[in-house]
Amino acid sequence: MTCDPLTHLHGAAGHEGHVGLMTAFTSAGDAHRSGPLSTAFGIKRIYFAANNKDWKLDCNSGDQQDCISECQREFKGDALATHECVASVQRAYSMMPGGGGQIPTCFPVTSRAFVQGKGWTRLSDIDVGDCLLTSTSSSCEPHFEPVVGWLHYEAPSAKRRHRFLRLTTTRLGDVADLYLSPEHLVLTNRGYVPANQVSCNDTTVFKLSALDHQLRRHRVQSVQAVELVDSGLACPLLPGGKVVIEGVLCSCYSPPRGMSMSHDTIHALVAPLRNGIIPLPPKAKGGAFVYYESLASVVRLFT
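Heads up, the sequence shown is in the UniProt record's numbering, so the first residue is 1 and it goes up one at a time.
Each hint should be verified, as a subset may be incorrect.
[Stated by the list, open to error] The list that follows gives simulated cross-link-like pairs (lysine-lysine, DSSO-like), each with its CA atoms no further than 27 Å apart:
#1 K159 / K56
#2 K118 / K283
#3 K53 / K283
#4 K76 / K56
#5 K76 / K283
#6 K285 / K56
#7 K283 / K159
#8 K118 / K285
#9 K56 / K283
#10 K53 / K285
#11 K285 / K76
#12 K159 / K285
#13 K159 / K53
#14 K76 / K53
Don't read these hints as lab results, they were simulated from the structure.
Please model the entire structure based on the sequences and the hints provided.
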């Protein structure tokens with residue numbers, strides 16, 4: 001897959017604001033079916049849906065990693081059921097008091113990337129092969145690269161909520177907010193850092209300028225933690241490992257849970273996914289998240 005050279009960016013500035021936040025969560029009437037059974041020590045039972053069926057998993061230990069391992073044992077050979085089980089475990093732990101777990105780090109599906117020939121397009125409407133605006137870290141010269149797959153994709157659901165950080169920048173009247181998970185890497189004046197390490201007023205990100213559509217340094221004006229309902233999760237994978245989301249240059253990656261890794265290290269480790277050596281599951285089946293977690297397990301054996 002190849003993309004045409006970048007010549008101009010019509011409509012790169014002045015795009016509409018991000019979809020409004022929703023504050024209503026799962027109703028009490030649905031809790032008996034979709035809510036996890038938990039104790040003070042962790043999650044004991046998970047309910048989820050996959051392949052048009054309702055599933056139940058007992059996690060007797062109550063430990064998050066043990067629950068994930070149980071998902072992988074119980075549904076071995078069924079990639080979609082495994083994926084949904086793991087994602088359900090992580091969501092359940094993330095909603096426990098104190099945030100007992102972490103959910104996959106991505107963008108809301110309503111976030112937009114700039115698609116060649118289409119303009120600003122929601123991630124939910126982007127497919128493999130679409131050419132997205134990106135850049136190299138060294139030159140920050142924008143160009144297009146094709147989507148080779150999805151590291152993670154979860155369709156929106158009114159019964160699911162996800163935690164994000166909202167990064168706001170202001171420059172020459174061009175205002176746009178970037179929503180991303182706290183551990184997701186974003187390029188700053190300090191290199192690639194997790195979003196939760198971005199601070200106001202002393203951190204700059206690289207964002208499209210309203211004047212010349214080049215990536216320029218923009219100071220972060222505010223960082224706010226939010227919870228969204230019906231947001232979904234999406235993270236496209238490009239050959240260069242970077243993508244412009246809502247005008248801001250971001251990494252396609254986040255460090256695997258419990259690990260500290262640089263953008264370049266993760267980029268090298270996912271080469272089999274980027275180069276087609278390991279086929280990427282389709283968007284409809286959740287993307288490569290399960291494989292990404294398996295990769296982290298392999299790395300832990302040697303560290």
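Violations among the numbered hints = Per hint list: zero violations.
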